[in-house]
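2 protein chains.
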Amino acid sequence: MEKLKLEVCLSPAMFHRYDCRGNIVVIIDVLRACSAICTAFENGAAEIIPVAEAEEAKEYKNRGYLVAAERDGFTLDFADFGNSPFNFTRERVEGKTIAYSTTNGTRIIEMTDKSYKTIIGAFLNISSVTEWILAEKKDVILFCAGWKDRFSLEDTVCAGAYASRLLESGLFTTICDSVHASLDIWEIARNDLRGYIEKAAQRSRLRDKGLDDCIDFCLTADITPVIPVVEKGKIVPLRYK
Amino acid sequence: MEKLKLEVCLSPAMFHRYDCRGNIVVIIDVLRACSAICTAFENGAAEIIPVAEAEEAKEYKNRGYLVAAERDGFTLDFADFGNSPFNFTRERVEGKTIAYSTTNGTRIIEMTDKSYKTIIGAFLNISSVTEWILAEKKDVILFCAGWKDRFSLEDTVCAGAYASRLLESGLFTTICDSVHASLDIWEIARNDLRGYIEKAAQRSRLRDKGLDDCIDFCLTADITPVIPVVEKGKIVPLRYK
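Line by line, the protein sequences are chains S and G. Under my numbering, the first residue of the first sequence is numbered 2, with each subsequent residue one higher. Under my numbering, the first residue of the second sequence is numbered 2, with each subsequent residue one higher.
Hints should not be assumed to be uniformly reliable.
A pair counts as met if it fits within one copy or between any two copies, since identical chains are not told apart.
The calculated BS3-like cross-link candidates involving lysine-lysine, where the alpha carbons are at most 27 Å apart (straight line), are [as the list claims (entries may be wrong)]:
no.	residue 1	residue 2
1	K115	K139
2	K6	K59
3	K139	K62
4	K4	K149
5	K59	K4
6	K235	K138
7	K200	K97
FYI, nobody ran anything at the bench for these hints, they're computed from the structure.
Please work from the sequences and hints to get the whole structure.
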């Protein structure tokens, strides 16, 4: 059987060079959006509406939705809470639809609208997502969200962890240089992930804003089997088992 | 003294997020443009005019210039030779102005027009370029040319080699994730550079076209002290010693 194709895209700025038709796209934004989304579904959220602009998030609030919205690390005054995974507790989110303010995430989701399926990947759900991918047998693009179109170390490390598992299955092959780079970086980082991420710029940004309490949590594998999937612009939990 | 800032840009698609004003920008395209340009100046070329379109290269030919031009690995019929460094022999290029057809390279040079100086870096001239940078004391962006806006392993390895030397000087500091990634990849690759580059997509593309005879050469450090620098859209040798 011909092997499936694996690619990594290291920044949204490069995604126009990828053809995602028929592919599973895994969006990876470890610190913190994808980790927060996984946590919300683990705690019973019904669906998440990604929202690009603060103004739009405010409209959702006025219409009675639960709203997670930050700018530069500060929870916006109209919002229910900020974007840390720790805010998405069962008490707050169970059964609820949440508007999640993320300019970058919303743009990335729109970029992948030709995909077979676009899902949200993190360390938190890596085993579940990779198992599901291996069952689906589609080409895969691991899409690192990065930061303001720039390369991000923590997303690349996570893409490397995913790539390592997919290639080990024997079902996938790759001729993508970004896959090789991600794998190399994952190999360096894997034995001391927390230590490795110390040098990441996003780690410093979160520390400067006092938002770094969630980093250890975001680097933890398999706290949830949930696979968040994009459906008509919303994110819902896909439960395949 | 405040330390100088070091950044790496992994693809032209991300360069809009970098502010190159006052910076030295080192353009890195190991296989093969930057290596060919270094070789041309080592062999006495007077200047190189980067040309974006084949049609424009043809006009240069009609006006009597020496022209290096390929498309998909084939030397264009009007050109004097293709883009391999081995074509730029002293017999052919000494004292000459050469029109060098490179769509990607021309675009990249235009992107950096606000820089303090834009220079051409390769393994071939790494010691000379890094020595010159350390004497200039400017912030530096190592700009990987990549391939069709995608990440390229060989350029990233070379950026890591440059970054390693600049940071070892103690004059530079960095908060750029791409620098850390390049350094890690360089550390993995450095003891067997030829072996490491085997997995690069560009290595396979060149092999498929029978253009891979120059790879060992392009991975060799310090065959020349020449520093090609962009001046008014042309590339000329900067000799600072």
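Requested in this report: Hint by hint, work out which the structure violates, then give me just those numbers in ascending order.
Outcome: 2, 3, 5, 7
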